[in-house]
Amino acid sequence: MIPEQELFAPGHNACAGCGPAAIARLILKATGDNIIVVSPTGCLETFSSLYDLSSWEVPWMHPLFENGASVASGVEAALRILGKADIPVIVIGGDGGTYDIGMGALSGMFERGHRITYICYDNEAYMNTGVQRSSATPYAAATTTTPFGRRSIGEDRPKKNLAAIAIAHDVPYVATASLAYPRDLMNKVKKSLTVDGPRFILVHSPCPVGWGFDSALTVEVSRLAVQTGLMPVYEAENGEITKVFKIIPRPVEDFLKVQRRFKHLFTSEEGREQIELIQAAANENITKMGLAKEPGRKVKVDAS
Amino acid sequence: MTMGTKRVMEGSMAIAEAIKAARVQVISAYPITPQTHVAEFLAEMVANGELEAEYLKVDAEFSAASVVFGSAATGARSYTASSSQGLLLMTEVLYNMAGMRIPVVITGMNRSVSTPVSIQPDHQDTITFRDTGMIQLYVEDSQDAYNTHIQAFKIGEDRDILLPVLVAADGWTISHTFEPVETFPQEEIDAFLPPYNPLYKLDPKEPVTFGAIAMAHNLMEFRYLHHQVMHHAKKKVEEVAREFKERFGQDYGGLIQEYRTDDAEVILVAMGSLVGTLKDAVDEMRETGTRVGVLKIRCYRPFPDEEIRRVLSRARTVCVLDRSISQGYGGPLTIDVKAALHNQRGPQVLSFMAGLGGKDVTIESVKGIVEKAQKVADGIPVDEEPEFVNMNWNIV
Numbered sequence: 015m016i017p018e019q020e021l022f023a024p025g026h027n028a029c030a031g032c033g034p035a036a037i038a039r040l041i042l043k044a045t046g047d048n049i050i051v052v053s054p055t056g057c058l059e060t061f062s063s064l065y066d067l068s069s070w071e072v073p074w075m076h077p078l079f080e081n082g083a084s085v086a087s088g089v090e091a092a093l094r095i096l097g098k099a100d101i102p103v104i105v106i107g108g109d110g111g112t113y114d115i116g117m118g119a120l121s122g123m124f125e126r127g128h129r130i131t132y133i134c135y136d137n138e139a140y141m142n143t144g145v146q147r148s149s150a151t152p153y154a155a156a157t158t159t160t161p162f163g164r165r166s167i168g169e170d171r172p173k174k175n176l177a178a179i180a181i182a183h184d185v186p187y188v189a190t191a192s193l194a195y196p197r198d199l200m201n202k203v204k205k206s207l208t209v210d211g212p213r214f215i216l217v218h219s220p221c222p223v224g225w226g227f228d229s230a231l232t233v234e235v236s237r238l239a240v241q242t243g244l245m246p247v248y249e250a251e252n253g254e255i256t257k258v259f260k261i262i263p264r265p266v267e268d269f270l271k272v273q274r275r276f277k278h279l280f281t282s283e284e285g286r287e288q289i290e291l292i293q294a295a296a297n298e299n300i301t302k303m304g305l306a307k308e309p310g311r312k313v314k315v316d317a318s
Numbered sequence: 466m467t468m469g470t471k472r473v474m475e476g477s478m479a480i481a482e483a484i485k486a487a488r489v490q491v492i493s494a495y496p497i498t499p500q501t502h503v504a505e506f507l508a509e510m511v512a513n514g515e516l517e518a519e520y521l522k523v524d525a526e527f528s529a530a531s532v533v534f535g536s537a538a539t540g541a542r543s544y545t546a547s548s549s550q551g552l553l554l555m556t557e558v559l560y561n562m563a564g565m566r567i568p569v570v571i572t573g574m575n576r577s578v579s580t581p582v583s584i585q586p587d588h589q590d591t592i593t594f595r596d597t598g599m600i601q602l603y604v605e606d607s608q609d610a611y612n613t614h615i616q617a618f619k620i621g622e623d624r625d626i627l628l629p630v631l632v633a634a635d636g637w638t639i640s641h642t643f644e645p646v647e648t649f650p651q652e653e654i655d656a657f658l659p660p661y662n663p664l665y666k667l668d669p670k671e672p673v674t675f676g677a678i679a680m681a682h683n684l685m686e687f688r689y690l691h692h693q694v695m696h697h698a699k700k701k702v703e704e705v706a707r708e709f710k711e712r713f714g715q716d717y718g719g720l721i722q723e724y725r726t727d728d729a730e731v732i733l734v735a736m737g738s739l740v741g742t743l744k745d746a747v748d749e750m751r752e753t754g755t756r757v758g759v760l761k762i763r764c765y766r767p768f769p770d771e772e773i774r775r776v777l778s779r780a781r782t783v784c785v786l787d788r789s790i791s792q793g794y795g796g797p798l799t800i801d802v803k804a805a806l807h808n809q810r811g812p813q814v815l816s817f818m819a820g821l822g823g824k825d826v827t828i829e830s831v832k833g834i835v836e837k838a839q840k841v842a843d844g845i846p847v848d849e850e851p852e853f854v855n856m857n858w859n860i861v
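Here the protein sequences come in this chain order: U and Y. First residue of the first sequence: 15, per this note's numbering; consecutive thereafter. First residue of the second sequence: 466, per this note's numbering; consecutive thereafter.
FYI, nobody ran anything at the bench for these hints, they're computed from the structure. Backbone N, C-alpha and C define an ideal beta-carbon position, used for all residues, glycine too.
Reference excerpt, derived from the structure (chain Y facing chain U, CB under 7 Å, subset only): (1) Val-491; (2) Glu-519; (3) Leu-521; (4) Val-523; (5) Phe-534; (6) Ser-536; (7) Asn-561; (8) Leu-667; (9) Val-673; (10) Thr-674; (11) Phe-675; (12) Gly-676.
Model the full assembly from the supplied sequences, consistent with the hints where possible.
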């Protein structure tokens, strides 16, 4: 049962079809109200806390862009010394504040072993400032700083593999999730809170404005990212991948063609080549992580 | 009045003793010279169980400031320290925590700022914090450092104030120098400094949103309120220093401290450890009949303009010694003192750049400054201002 209690209040300023808004709501349904949340600068913080309104029905703090993980470390240390370690601490930050400017602080939080769940809602660019690329922007995506042009195919580097970086820090619980599978996301958040040590959850969070799709399709686009193998959904515990969400792989074009940011790939011969490269990357994910569902077997989504 | 125990100790130890006495609960630090001894002494105290605190060793000063920001917002008494580049790296966090009204105590162990690289003391690092909205206190010696750190928690955590407090102490001159320091029994410190109990904190029992967005229709109103609190803090700084004096017999001044200014024709103005040298120089000059005194600025923000006017309006000439420079205009302290005296029928103000990058300021240097002031008072023209004291003109 998904709890009825709403801890992320409506009336905020998110765009129609905003992935992060839906994700924040689900996360708080999973944690309940005995929680402290820190959010570094990003879309979520901006649309949820315009004084004198707030969507946060739980204690919440927005410090700066680059220090979500360090501020949360201080919160957790304070709770320990005050004898209130039973209150869990989570961070909800975007890809800019996590992959890029907050990376040093995040590494420190991992390395010091804080009991904090760091959740990154990954909308794959700086959406709050108007769709500039981040190190989470996927290969060939057009953004305002990686536009398609005569000498540019869009973003020219592959997306940084942040979950792998978390695993390399010996983070005992690392998971990826998607808005398309809300129960799985909520279960992962809940499970993370029971883990002794740092935890990292990466949630793929489509942005209709930045990616360029109909705002009614957010969940569908999210699902396509998973089903094409571009966004593997899995859990890694103590360095080992322990659970993988199986898919019947669909061609990456199904995901790419519904988004304006990949539109240029469909209008040129060069673009076709890029699509092949993206398909190859998806295939590698599928093979390496064993994403493909075995024929004839029904695979159950972890929705306990 | 409580009697303490006098022991010879390093200035950094005096600060660590104060942090221990204040029962700080969360400490975070990143090593930088000359702050390191404080970080080490506190680590030792925590390791030995002398101090019951969480000590977070972090990836950068940016994180050190962020950690104590988070812990203080959660209701734990919190402390960090740094110097020079490390303080500059904290800057963004300091604005943020002052605006959010989170009381933390920060030691700024003064050191010059690169480039040129220097590990020696001046105020170039902490002077840049002028507009952070923090309360900023400059100490004179190790005893003052001990006293002021304990007072800083009481000032910043007061529910009428709720602001971070910077305690600036000159690197080496204070941090690495051994002096007799009187420390006081724990129960007496406890009686002076009650546990930290903030008005608002991160607590699921009473959820509060920290760090919301303001817009054109309300941002300036937040700034106004913060400015009002800083004004109010003047009273608090004085009040806490007075209570500390009554309880412990220690007096290093409140917002300011006057030294032999009553009949002084020339008054020297400075902050930090330089003040000790000035006092010695004044004693020597007084023996030969020179009417000279010292005005120590202990509290740089809020700036004690009224108190400064009251003291300096009696003098003929004022000499401000700055340990930092605002290139293109001059000494930041001079600028503030001149502004405080603006529209007054008062003394002429002379500016001196002194002790930048640890350059020695001797009693002889001070005598030279006073001679210049006397010339000015007698109407004799002097060189262009500001004067850079003890310059090696051979290499310029």
